[in-house]
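Colleague: Sequence:
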Amino acid sequence: MAERRINQPSSVSFSALLLGFSSLLAQTVIIRALLSVFSGNELIIGIVLGMWILFVALGSMLSELLKADTSVLSLSFLSSGWLLQIVTSSAWYVYPVAGLSFGEVIPLHITLLYLLFLMAPVCLLFGAEFPLIVRLFKTPPSVVYGLESLGAFFAGAVFSLFMAGYIPDRLTAFGVSMLLSFAALWFLKKRWAAGLLVIPLLLYLSLPDSIGSVLKGRVLERADSPEGEVIATELSGQKNLYLSGKLCFSIPEPGSEELMSQLPALFKEPRDVLLIGGSPAVIKGFSEYRSRVTYLQLNRHLLSISLRMLSSKDRRTILKRPFTEIVNADARAYLKSTNQLFDIIVLNEPFPSTASLNRYYTLEFFNLLKAHLKDGGFLFLRLMAVPGYMGNEMLIADSSIFQTLNRVFPHVKVTSMEYALLIASNRAFDASSLSLKKRFEERHPHTLYLNSSVIEDMFFREKSQRFQRLLKSQSSEINTDRHPVSYLYNVVLWTETQGGRWLAFVVKNRRAFLVLLVLTVLFFMFYTGKRREGPACVVIFSTGFTTLSLVTLSVFLYQSAAGHIYRMIGLMGALYMLGSATGALLAKRKVEKRGVLPLFILAMIALLLLYPLVAYRASIIFGSVFVFGVMGGGLFTLCAFRIKRAALTYSLDLTGALFGAFLTTVFLFPLFGLYYTTGFLVYLNTLSLIVLWMYQTKRA
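Using our numbering, the first residue of the sequence shown is number 2, and each one after it goes up by one.
Keep in mind that the hints were calculated from the coordinates and are not lab data.
Incorrect hints may have been included.
Distance ranges between label pairs, derived from CB positions [stated by the list, open to error]:
#1 A386 to H445: 21 to 29 angstroms
#2 S453 to V516: 52 to 60 angstroms
#3 R467 to V328: 32 to 40 angstroms
#4 L248 to P446: 22 to 30 angstroms
#5 R444 to R408: 55 to 63 angstroms
#6 R511 to T318: 49 to 57 angstroms
#7 K594 to R512: 39 to 47 angstroms
#8 A194 to S214: 43 to 51 angstroms
#9 F461 to R512: 53 to 61 angstroms
#10 A429 to R467: 15 to 23 angstroms
#11 Q341 to T318: 50 to 58 angstroms
#12 I691 to L117: 30 to 38 angstroms
#13 M695 to R301: 50 to 58 angstroms
Here the structure is a predicted model, which is why all the values come from computation and not from measurement.
C-beta atoms are modelled at their ideal positions from N, C-alpha and C, and glycine is treated no differently.
Go ahead and model the full structure; you've got the sequences and the hints to work with.
Modeller: Here's what the structure looks like:
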């Protein structure tokens, strides 16, 4: 009787759909939680995806040691839900565990060890569930793969469209845990098991929120927004606002506020001013000039919370002045939709330490800003500032932005490196300390921080010229949307501050690294292809590598296009999984036809060649993710028919995906840009096609 029950199609469908739904939600929640912990650095997405895939693949292999029955599957469902709650609640404990204070750089080895400890148990369980379902219900892997992909699609769509920005991640983890608990009860069909439903609730109520033990000061507000988690704290009377764990600005901060408002007025009468990002308190500095100020802030929650953090006097000054327009919009989208010209543009966003911030410092964006400046208008922005000595890696990071700006504007000047301010215009201008001091004393603005001595120090001729010579002396590349070198140099700086110079070494020897990678892949492909089932193994490995590489590439490109992947991580994963399910279903009818597998690989190569030419808009990027999902699902199904072992097939696909996610995120895209990265993927798939043709034909 029991055997008939577990072979029912409803049991197969339910368990596979549940696995896809719960695992994608778990992956999304973990990535979002860790993005906040590690300051929104997209490098963490690649590392988390890589670790997720590694341990899911290992769990898939180890599942062969487990007995395939309903009690084992039920226990796996229960445990994975409970562990997910523990992971999301304890994510911020990396700081006290490492002996660090919030804001300090977390060393890479500690990052990897902490993620290993945090993610391995839950990932091993999710990885074991796929082959368990295949063996328990005696169902072809391609069927379970298609159903799992469909469940993941529903999870990503529901999360991105209805949950992200509204439901906290801890509550989402609790919901997933409860869903898995109900599923376990459905399989067990034991009355006593109903008591297990209490455990997720107890975990939700009893587990402490680790962020409270890490952030300095008192947490005033928290809000989950489409662009990331917004947190406002107060310490010694100063309010600090964080987005995805990264400090955006503080209120009050008179030095920065006066610098970015009063200094531009010394160069040009600020009649029309565009202020991009940063603290809204900067607006009040333009009040005495009766300037028309347009303030752009992409994050709605960050905007509303920061306005509430202002003093009542400053809030009245900003909100009630007739010449202020506060716009909740992305700067790129806003500038493309208006023909308005400005005398002054102040780019007040943080330094591009993430791909989402890097989009404000690229050649494309600087050209857009130039098109909206009046003749003789000025652009102001800041680099990383240090007193005295600037290290080589930090200097290269600053130089890439300086040289990119210099490519767009004919006249660019800098202050001393202690302030690291860039001033650009389409006309020649005077930035001598004597003339600027004279203008300041004539205007005599009411300032606490900015004075004649500060201006003299900023524009002291020998200091500013020395900094400019240093910036020009570096052989930095131009920062573009398709090759975010400023982000790369910031990652190099990040690794260097931890005492590791391995990434800097790779950057300096990037051609040798690429040659080594090409030869390693060549050897691996032909060595593996000689073995029994080798050609199919090669194809499925390259498929996993390619598809996850395209997903991570799409993350970077979407950041450049829209600037907020935080909400759309789930939807991107959903479309990929929907494509996988579609591809699996389409290929299932063609598995026995001999020429179908090479045709799929040829189609993959053609799509890879087309991808960099069309992936400019968000809609095309999401569509591409779906299409590559179709190819991945189809190739998985065709290879699974030839390999016959579910655990091996699944683990090979995930191992390829592991290398794809890690190498693309950390090395290929930052080092070589979009075109070289897709070129490498074309090379990889071409090799798999050659191996398939050589060894499959011989055996036939």
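Colleague: Now, for every hint given, state plainly whether the structure supports it.
Modeller: Results of checking the hints against the structure:
1. A386 to H445: 21 to 29 angstroms: holds, 27 angstroms
2. S453 to V516: 52 to 60 angstroms: 57 angstroms Cβ-Cβ, so the 52 to 60 angstroms window holds.
3. R467 to V328: 32 to 40 angstroms: holds, 39 angstroms
4. L248 to P446: 22 to 30 angstroms: With a Cβ separation near 27 angstroms, L248 and P446 satisfy 22 to 30 angstroms, so the hint holds.
5. R444 to R408: 55 to 63 angstroms: At roughly 33 angstroms between Cβ atoms, R408 and R444 fall outside 55 to 63 angstroms, so the hint is violated.
6. R511 to T318: 49 to 57 angstroms: holds, 51 angstroms
7. K594 to R512: 39 to 47 angstroms: holds, 42 angstroms
8. A194 to S214: 43 to 51 angstroms: violated, 35 angstroms
9. F461 to R512: 53 to 61 angstroms: Since F461 and R512 have Cβ atoms about 41 angstroms apart, the given range 53 to 61 angstroms is violated.
10. A429 to R467: 15 to 23 angstroms: holds, 21 angstroms
11. Q341 to T318: 50 to 58 angstroms: violated, 23 angstroms
12. I691 to L117: 30 to 38 angstroms: For I691 and L117 the Cβ distance comes to about 36 angstroms; the hint holds.
13. M695 to R301: 50 to 58 angstroms: This hint holds: roughly 57 angstroms between Cβ atoms.
Consistency note: the structure conflicts with the earlier hints numbered 5, 8, 9, 11.
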